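Asks: Chain by chain, the residues:
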Amino acid sequence: MREVAIIGIGGTKFGELWDMSLRDLGIQAGLAAVADAKLAAEDIDALYVGNMSAGRFIEQEHVAALIADYSGLARDNIPATRIEAAGASGGLAFREGYLAVASGMHDIVVVGGAEKMTDVGDVLAAEIQSTAADQQWEVVFGATLASLFAMIARRHMYEFGTTREQIAQVAVKNHKHGALNPNAQYQREIDLSTVLNASPVAEPLGVFDCAPLSDGAAAVVLCSMDRARSYTSKPIRIAASAQASDTLALHSRTTVTSFKATQVAAQRAFRQAGRRPEQVQLAEVHDNFTIAEILAIEDLGFFPKGQGGKATMDGETALGGKVAVNTSGGLKARGFPFGATGVAQLVELVEQLRGEAGKRQVPDATLGLAQNAGGTGATVVVSLLEVA
Amino acid sequence: MATARFWRENPSRYNLKAVRCNNCGRVFFPPRGVCSVCHRKSIGKMECLNLKGEGEVFSFTVVHEAPSQFEILKPYMVVMVKMDEGVMLTSQLINSDPKDVKIGMRVKATLRRLGEDGPSGVIYYGYKFRPIEG
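Going down the list, the sequences are from chains A and B. 1 is the number of the first residue of the first sequence in the numbering used here; add one for each residue after it. 389 is the number of the first residue of the second sequence in the numbering used here; add one for each residue after it.
Calculated directly from the structure, the hints in this document are not laboratory data. Treat each hint with caution, since some may be false.
[What the hints assert, rightly or not] Lysine to aspartate or glutamate pairs mimicking EDC-like chemistry, simulated, CA-CA at most 20 Å apart:
| hint | chain 1 | residue 1 | chain 2 | residue 2 |
| --- | --- | --- | --- | --- |
| 1 | B | Lys-462 | A | Glu-127 |
| 2 | B | Lys-462 | A | Asp-122 |
| 3 | B | Lys-487 | B | Glu-521 |
| 4 | B | Lys-490 | A | Asp-36 |
| 5 | B | Lys-496 | B | Glu-435 |
| 6 | B | Lys-440 | B | Asp-488 |
| 7 | B | Lys-496 | B | Glu-521 |
| 8 | B | Lys-490 | A | Glu-159 |
| 9 | A | Lys-38 | A | Asp-107 |
| 10 | B | Lys-470 | B | Glu-442 |
| 11 | A | Lys-359 | A | Glu-189 |
| 12 | A | Lys-176 | A | Glu-189 |
| 13 | B | Lys-462 | A | Glu-203 |
| 14 | B | Lys-433 | B | Asp-485 |
| 15 | A | Lys-176 | A | Asp-36 |
| 16 | B | Lys-470 | A | Asp-24 |
| 17 | B | Lys-487 | A | Glu-203 |
| 18 | A | Lys-13 | A | Asp-36 |
| 19 | A | Lys-13 | A | Asp-24 |
| 20 | B | Lys-405 | B | Asp-472 |
| 21 | A | Lys-13 | A | Asp-119 |
[To be verified] Okay, the calculated beta carbon distance ranges per label pair:
| hint | chain 1 | residue 1 | chain 2 | residue 2 | range |
| --- | --- | --- | --- | --- | --- |
| 22 | B | Trp-395 | A | Glu-3 | 25 to 31 Å |
| 23 | A | Arg-2 | B | Arg-501 | 54 to 60 Å |
| 24 | A | Lys-234 | B | Gly-421 | 48 to 54 Å |
Everything numeric in this text was worked out from a predicted model, so none of it was measured. Backbone N, C-alpha and C fix where the C-beta goes; we use that ideal spot for every residue, glycine too.
The following block holds chain A by itself, in its conformation from the complex:
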């Protein structure tokens, strides 16, 4: 296996982007990443696209070929592959691109993630989100994705004494970070009472515990490490890429207060990189619901099981804390275009590791982690990036 570097990044603003289509989003992010890497179109060997549900959101499948076409790559006939794993589609597309370069099959690969979600109403969008759960044995009985995370939250409160306020603090912290990110959907701070008094979605979770519906795209350019310095003076090394799966239905597991796929993927990633959780300075984790961030920071090994809520309330996951979690604003404040999210996490890590994150810069950042999950954690991808 060869070492692989990220040599270019790009992304759109996240939000309700009424004047942009899926292809507009994908192209804007992809071209920005290619320009950042100072590449020419003919340098690109392959394209991977993370997208969860274009078929339901915009009634368009076959989106990898679509984005390759509108990016001007159709005449070069490069392989273009779409990857789907619900909310983990972007992280998984990145991993497939990484494997293609690491194996020696390709030298330069563009990985994009894109989702266009606001062409449908919010009730239908939530139904599409629920397709990440088990349609036949969860959703048909009335479960929604929010209701499954609400039951995880209830169980975490029951087993560990986690409080409603500690869970809500995840949203407060992520909005505070989002206020420092010019590409975030929400760049406004909120206070604890706003989260606690918001209208309920699935008790105990309310509107401010849920990541929003968003349009957006993000892209990275991958290159073998031996060629990376001919494109950039600041290549970022992919120190590890790991993936794990678990049962599709939440109820098929012995515990719901841990995502075993996160734990296993993290163990594999730390082993590959020869690193430990204590060495990670910043992490982008999959906070599609507030409680998910608490599970993630425990399952990744940053805090002991059951202590994630307290750590959050104590500021240990805020900028300036023990490990800065979701400096981008996370899914909650940066926005959550499903397939784009896993790639956008990596874009944030690269900006931080290059020292280009502006007001939200983590000082002297050299090692960052991304955790991207699908549904209730049936697919998890963990990536470790470091300054080369």
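Once you've looked at the hints, dock chain B against the given chain A.
Replies: The following block gives chain B in isolation, referenced to the frame of chain A:
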């Protein structure tokens, strides 16, 4: 949901049809062909059984934002129930006030209408849970 996609699952939706691995004793719901612990040692040893329908609440929520077909029910309760045979199921909890529901509460499965294929479509049924009195 298309009719066939629903009715082919009726044995489990109506009668809680499950399977037990006679190699290790674990119960799976809905039925599956191979035990996920014993793998090939379970081939030919997966035996059907119907769950008795009783269990206890493992976790619960009250759903306020619902898919269009559940709009008329909201707010409604969703529960995960640990059945006495050891497997967990997800469905609605009915006939109870959210204030009275607790983790560990005993509940029993009961057959109810789940939905329909649009206003003139086939109605489909399955289990929901209700509290066990006393």
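Asks: Run the structure past the numbered hints and jot down the numbers of the failing ones, going up.
Replies: 4, 5, 6, 14, 15, 16, 22
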